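**Q** So the chains spell out like this:
Protein chains: 2
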Amino acid sequence: MAPATSLLTDHYELTMVEAALAAGTASRRSVFEVFARRLPEGRRYGLLAGTGRVLEGLADFRFGTAELDFLADRKVVNERTLNWLADFSFKGTITGYAEGEIYFPGSPLLQVESTFAEACILETYLLSVLNFDTAVASAASRMIAVADDRPCIEMGSRRTHEHSAVAAARAAIIAGFGATSNLEAGRSYGLPTTGTAAHSFTLLHDSEREAFQAQVATLGQGTTLLVDTYDVEQGVRTAVEVAGPELGGVRLDSGDLVEQARWVRSLLDELGNTNTRIVVTSDLDEYAIASLRSAPVDAYGVGTQLVTGSGHPTAGMVYKLVSREGNDGQWKDVAKAAIGKASVGGRKSAYRRLNERGRATAEVVGIDETPERTERDRDLIVPLVVDGELQPGFTGADGVKRAIERRKASIEELPGAARQMLRGEPVIPTVFVDEH
Amino acid sequence: MAPATSLLTDHYELTMVEAALAAGTASRRSVFEVFARRLPEGRRYGLLAGTGRVLEGLADFRFGTAELDFLADRKVVNERTLNWLADFSFKGTITGYAEGEIYFPGSPLLQVESTFAEACILETYLLSVLNFDTAVASAASRMIAVADDRPCIEMGSRRTHEHSAVAAARAAIIAGFGATSNLEAGRSYGLPTTGTAAHSFTLLHDSEREAFQAQVATLGQGTTLLVDTYDVEQGVRTAVEVAGPELGGVRLDSGDLVEQARWVRSLLDELGNTNTRIVVTSDLDEYAIASLRSAPVDAYGVGTQLVTGSGHPTAGMVYKLVSREGNDGQWKDVAKAAIGKASVGGRKSAYRRLNERGRATAEVVGIDETPERTERDRDLIVPLVVDGELQPGFTGADGVKRAIERRKASIEELPGAARQMLRGEPVIPTVFVDEH
Numbered sequence: 001m002a003p004a005t006s007l008l009t010d011h012y013e014l015t016m017v018e019a020a021l022a023a024g025t026a027s028r029r030s031v032f033e034v035f036a037r038r039l040p041e042g043r044r045y046g047l048l049a050g051t052g053r054v055l056e057g058l059a060d061f062r063f064g065t066a067e068l069d070f071l072a073d074r075k076v077v078n079e080r081t082l083n084w085l086a087d088f089s090f091k092g093t094i095t096g097y098a099e100g101e102i103y104f105p106g107s108p109l110l111q112v113e114s115t116f117a118e119a120c121i122l123e124t125y126l127l128s129v130l131n132f133d134t135a136v137a138s139a140a141s142r143m144i145a146v147a148d149d150r151p152c153i154e155m156g157s158r159r160t161h162e163h164s165a166v167a168a169a170r171a172a173i174i175a176g177f178g179a180t181s182n183l184e185a186g187r188s189y190g191l192p193t194t195g196t197a198a199h200s201f202t203l204l205h206d207s208e209r210e211a212f213q214a215q216v217a218t219l220g221q222g223t224t225l226l227v228d229t230y231d232v233e234q235g236v237r238t239a240v241e242v243a244g245p246e247l248g249g250v251r252l253d254s255g256d257l258v259e260q261a262r263w264v265r266s267l268l269d270e271l272g273n274t275n276t277r278i279v280v281t282s283d284l285d286e287y288a289i290a291s292l293r294s295a296p297v298d299a300y301g302v303g304t305q306l307v308t309g310s311g312h313p314t315a316g317m318v319y320k321l322v323s324r325e326g327n328d329g330q331w332k333d334v335a336k337a338a339i340g341k342a343s344v345g346g347r348k349s350a351y352r353r354l355n356e357r358g359r360a361t362a363e364v365v366g367i368d369e370t371p372e373r374t375e376r377d378r379d380l381i382v383p384l385v386v387d388g389e390l391q392p393g394f395t396g397a398d399g400v401k402r403a404i405e406r407r408k409a410s411i412e413e414l415p416g417a418a419r420q421m422l423r424g425e426p427v428i429p430t431v432f433v434d435e436h
Numbered sequence: 001m002a003p004a005t006s007l008l009t010d011h012y013e014l015t016m017v018e019a020a021l022a023a024g025t026a027s028r029r030s031v032f033e034v035f036a037r038r039l040p041e042g043r044r045y046g047l048l049a050g051t052g053r054v055l056e057g058l059a060d061f062r063f064g065t066a067e068l069d070f071l072a073d074r075k076v077v078n079e080r081t082l083n084w085l086a087d088f089s090f091k092g093t094i095t096g097y098a099e100g101e102i103y104f105p106g107s108p109l110l111q112v113e114s115t116f117a118e119a120c121i122l123e124t125y126l127l128s129v130l131n132f133d134t135a136v137a138s139a140a141s142r143m144i145a146v147a148d149d150r151p152c153i154e155m156g157s158r159r160t161h162e163h164s165a166v167a168a169a170r171a172a173i174i175a176g177f178g179a180t181s182n183l184e185a186g187r188s189y190g191l192p193t194t195g196t197a198a199h200s201f202t203l204l205h206d207s208e209r210e211a212f213q214a215q216v217a218t219l220g221q222g223t224t225l226l227v228d229t230y231d232v233e234q235g236v237r238t239a240v241e242v243a244g245p246e247l248g249g250v251r252l253d254s255g256d257l258v259e260q261a262r263w264v265r266s267l268l269d270e271l272g273n274t275n276t277r278i279v280v281t282s283d284l285d286e287y288a289i290a291s292l293r294s295a296p297v298d299a300y301g302v303g304t305q306l307v308t309g310s311g312h313p314t315a316g317m318v319y320k321l322v323s324r325e326g327n328d329g330q331w332k333d334v335a336k337a338a339i340g341k342a343s344v345g346g347r348k349s350a351y352r353r354l355n356e357r358g359r360a361t362a363e364v365v366g367i368d369e370t371p372e373r374t375e376r377d378r379d380l381i382v383p384l385v386v387d388g389e390l391q392p393g394f395t396g397a398d399g400v401k402r403a404i405e406r407r408k409a410s411i412e413e414l415p416g417a418a419r420q421m422l423r424g425e426p427v428i429p430t431v432f433v434d435e436h
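Those sequence lines, one after another, are chains A and B. Sequential numbering of the first sequence, starting at 1, is according to this note's numbering. Sequential numbering of the second sequence, starting at 1, is according to this note's numbering.
Fair warning: there could be bad hints in the mix.
Result set (DSS-like, lysine-lysine): computed pairs, CA atoms no more than 27 Å apart in a straight line [stated by the list, open to error]: (1) Lys-91(A) / Lys-332(A); (2) Lys-401(B) / Lys-401(A); (3) Lys-91(B) / Lys-408(B); (4) Lys-75(A) / Lys-401(B).
No lab work stands behind these hints, which were simulated from the structure alone. Bear in mind the structure is a predicted one, so any value in this text is a computation, not a measurement.
Build the full structure now, drawing on both the sequences and the hints.
**A** As structure tokens, then:
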């Protein structure tokens, strides 16, 4: 059995359940919504990731003996609440944007309909997964946009928490990265993994030549040799001497990459290694990748800036109660008025308005009713969990494949400005339609 | 049995082992070092966290059937390497700075001495843990410095990966936070957890008054009521009416906190609630906390900026081979020359030079030999694992307690400038002493 995910939450989710049970309001039917009030400054769109992981962990969101004993020992909640938690499994319905979908401010990314108590205790877990994974996917998508079809490799594991690293690899691949260095991501989600050698491998050996010989003997001539441990020019010459004309690639990990890529390309060509690829790594972000567009680079390895969301390590999504039953059994839309943090009450529908060329022109969000739409407009909300039943296709390796397809189709619809690095407003506006 | 940590690593760590096994260099004795080339820009010191978590996961860094099957299926490594991995458990020695210690550029935070292969495969895992935990602890420490002994509560779980959240809570408490909202952190490390209610709890009920009544009925008058769902003044008045003079606290989560705290304090005093505390939350970072110094605030709840390292979500530590045996059995110091990424070869010793008033004046790092020191100077390096044996006291709840003590003593030694928000150079210089 997988470890329970139920304590990956905030203390107050459980004290709220306790108070609501005592007040007789815990069983009120409720709709909670996940959305982002804004995109990170200057970003033109966001890329949703994490939905599959949310659903994977939902099955393990149970309170077993270990969890209940802890809550009892610490007196976090009372006996009645402990009994409620012991019986808990999510029986409600979750709808939302498919993983890999593009989103904008106010897009209703996930809606949870259930009793208040059931939806309440999921808050922290849902937001943790979606905020991290989406931050990485959104940054990754910008890198892909300027990589001009050159392959990008995710290699940031060492720059983030050891488990975040696995999620980051998954999110990067959903966004368009071709491979990851992270082995657990390979195992959990069937992702392609890749890697050759670090500087330490060169330093271990008595000479760079011996290190290259050892690597080629094991990984073959098609491997990529890291040539900047000592002198780059000598490194390239030695690499070619050792591996011959079939050398797969050389990796540059320091210095002025634009200039270096140019003369290394010339040198490789001069030595007859016209098919040897140049892979660059060294602290790349979307701006550095864009600046390498004209340089003879064949692949990018991206680490720190990818797994930390390139300046925006969290997506800023919130989880708000937007509608609930009252004493009288009637639904009532609710919203808080807090300054700068107001929310829009009501159950949402959403579609992407597309013009005759199939390009997106608006994010249309209906409040309580589905606004009129043309045949071209695309419905954005899909059922993920229905009355506690996980819908098929969203989790595991299949979920990743499906998210990749969704991302490709959704990116294709975006106006060209989305693929530019210029800061600006969201590339299409969010239009709220209230039928009341 | 805890899940294996051994695939939380980069593909290339294993291909390097394979190539080194084939070349006969895998068993060369080696020293790897973890250090940071620099602190985040403008920061005056760093606070090391994660060491205990590294050691906890080290015991589970084993390759069982599931891991080996994956590596074999994917042909990541060959049969010989699979056999080596199947037998692997770390038998080497790890020394380093104690968790909770202050550090500076070049401080030798961890040194791993073992065969090359054994040390090599730990790289990604060690760095993931230390880079994340230290980023959070370093940011947290700056917040504590300006909080002037007002309690700080960690509540950022929803803004980072669900497991990072647990590590972030642990790191925050090592840095001086008084409690966390994260329940799993409470369970795993014995940390105090806390929490009351969110806006959704108020919105669930037919009025703010009913919500407050429900909360007070369950959590008692000593609870903290969230008063900004609708109108703050009305919220405060209702809170006092419902809970009476013994109301524990009110929470402000939006708006201009400095101004609001002032008039809410006046209002509470006027209503006779002179002991009711004011807790502020709303996107605080160290600058916002510093700006609230003169406001009548009693506690800070910190989320996003804490768990994302307040602008620096990773500590930038690297893991470098600094010395290794050669063919002749002689140790040889090694370092790469890569532009901007050069490293200092050689096994390190380190102590903090203290003046007659017990204040730190320099970080002294010896290369291959321990430099002369006075009686006052404090040795920074402690044994963590000796010949594969974990040394006691560094892991679990005990490890956290010990790290808190270390942090208190080490912060006390720092010059006063460390506690200011002004950007600047590291508050003491790192001095390398090479006896050769």
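**Q** State for each hint whether it applies.
**A** Here is what the structure says about each hint:
1. Lys-91(A) / Lys-332(A): 22 Å, holds
2. Lys-401(B) / Lys-401(A): Distance of about 45 Å is beyond 27 Å: violated.
3. Lys-91(B) / Lys-408(B): Violated - the C-alpha atoms of Lys-408(B) and Lys-91(B) are around 33 Å apart, more than 27 Å.
4. Lys-75(A) / Lys-401(B): 22 Å, holds
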